[in-house]
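Asker: Listed below are the residues making up each chain.
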Amino acid sequence: MVKDLSIQELEERFQEKINKDIKIEPNDWMPDDYRQTLIRQISQHAHSEIVGMLPEGNWITRAPNLRRKAVLLAKVQDEAGHGLYLYSAAETLGADREETIDDLHSGKAKYSSIFNYPTLTWADMGAIGWLVDGAAIMNQVPLCRCSYGPYARAMVRVCKEESFHQRQGFEIMAHLAQGSPEQKAMAQDALNRFWWPALMMFGPNDAESKHTLQSMKWKIKRHTNDELRQQFVDVTVPQAEMIGLTIPDKDLKFNEKTGHYEFGEINWDEFWNVVKGNGPCNKDRVETRRKAKENGAWVREAALAYSEKRQNRKSA
Amino acid sequence: MSKKEWPLWEVFIRSKAGLNHKHVGSLRAADAEMAIDNARDVYTRRSEGISIWVVPSAQITASDPTDADALFEPANTKIYRHPTFYDVPDGISHM
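Read top to bottom, the protein sequences are chains A and B.
First residue of the first sequence: 1, per this note's numbering; consecutive thereafter.
First residue of the second sequence: 1, per this note's numbering; consecutive thereafter.
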């Protein structure tokens, strides 16, 4: 019986299941490190969706027309939904939702560093949809085949919704790029500011990435950071050319032999600096989330009190 | 601030008439009514459903995965329950 097996035997059985592409479900036995790795990754992913609402929320009231406003509103609402799917997935692993959120507010838990950059112009809504959501899709499509069932299922839903996000962003950029010289300059400026942070979204180079090897053995991750980053560059560069914008990288060139683009060195000092909390908006983002939780506390308490009151009335 | 959290609910959606409700995920809500409203917003933003069930997660009793072998073994040995177990001579149709 499974109950009498040693930890080592349980781990072997677990890895056998993974190797056979059998999904792991919440009540199945799993190594503690597997559980902790997933809780860390899924909660950081959830935080990224929720914090990711802020840079775009910044422009909802200033969208250039009603269509753009309705689209942006729908996109930001989707991000909230994605955060909820992911917090629920983390809960299936035994993570406490409130504690998870408090870890974000105390700075213990991280989120994608891209959201620590400010959104200065309307074109940034285009750059974020096109590049940031584009990079997120690259990361998330392989996660649909992740070994942990609830995470994989959440990713299927997220990916279905995310492709509209990228298209609406690209549409904004294409439109601006075909507009007046000022509009085109605004689009180029947004690309200049978001290109390198978008490449950083895939995380450190493979040689520096401490979690990659184990995560790939567990089939949480299916591709390395550098593989996904290369894929992103290869598909995005021609899109920029198509709409007449220039990728801000003087070392960028197509290698006929490999069929891939070669690109310049990423500024890793900047990456680590933002991860450590010193990006342009880190303090502001976390402060906004913390205030939202505190200021909403009385609403959550009132809703619960109301529900209890009605329960008591029913049973009386 | 109170530490009491809203309860967890499991959400089931019927995608169209004629199909059964299917588990789609979970969410937190103060009561059943709010759970339905939240499920509408979280799980049916793109016309994924025409009917929603919500069930308090605490009310679900699940089988234990470590008992799965013993629980489902009886079915594994009864292959004669499948039509492919039987030989049907050539020339016989409508069977």
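Just so you know, the hints here were simulated from the structure itself, not pulled from any lab data.
The beta carbon of each residue, even a glycine, is placed where N, CA and C say it ideally should be.
Some clues are possibly wrong.
Claimed, not checked - Covered by chain B, per the in silico footprint, the following chain A stretches (three or more residues, Cβ under 8 Å):
id: 1; stretch: 77-87
id: 2; stretch: 171-179
To be verified - Mimicking SDA-like on lysine to any residue, the simulated pairs with C-alpha atoms at most 25 Å apart in a straight line are:
id: 3; chain 1: B; residue 1: Lys22; chain 2: A; residue 2: Cys144
id: 4; chain 1: A; residue 1: Lys108; chain 2: A; residue 2: Gly244
id: 5; chain 1: B; residue 1: Lys4; chain 2: A; residue 2: Ala316
Asker: State for each hint whether it applies.
Answerer: Checked hints:
1. 77-87: It holds: at least three residues are needed, and the stretch 77-87 of chain A offers 5 whose Cβ sits within less than 8 Å of chain B.
2. 171-179: Coverage by chain B is violated here, the residue count being 0 at a Cβ distance below 8 Å.
3. B:Lys22 <-> A:Cys144: Cα-Cα ~19 Å, so holds.
4. A:Lys108 <-> A:Gly244: Between Lys108 (chain A) and Gly244 (chain A) the Cα gap is close to 42 Å, so the pair fails against 25 Å, i.e. violated.
5. B:Lys4 <-> A:Ala316: holds, 23 Å
In terms of the numbered hints stated before, the structure departs from hints 2 and 4, listed from lowest to highest.
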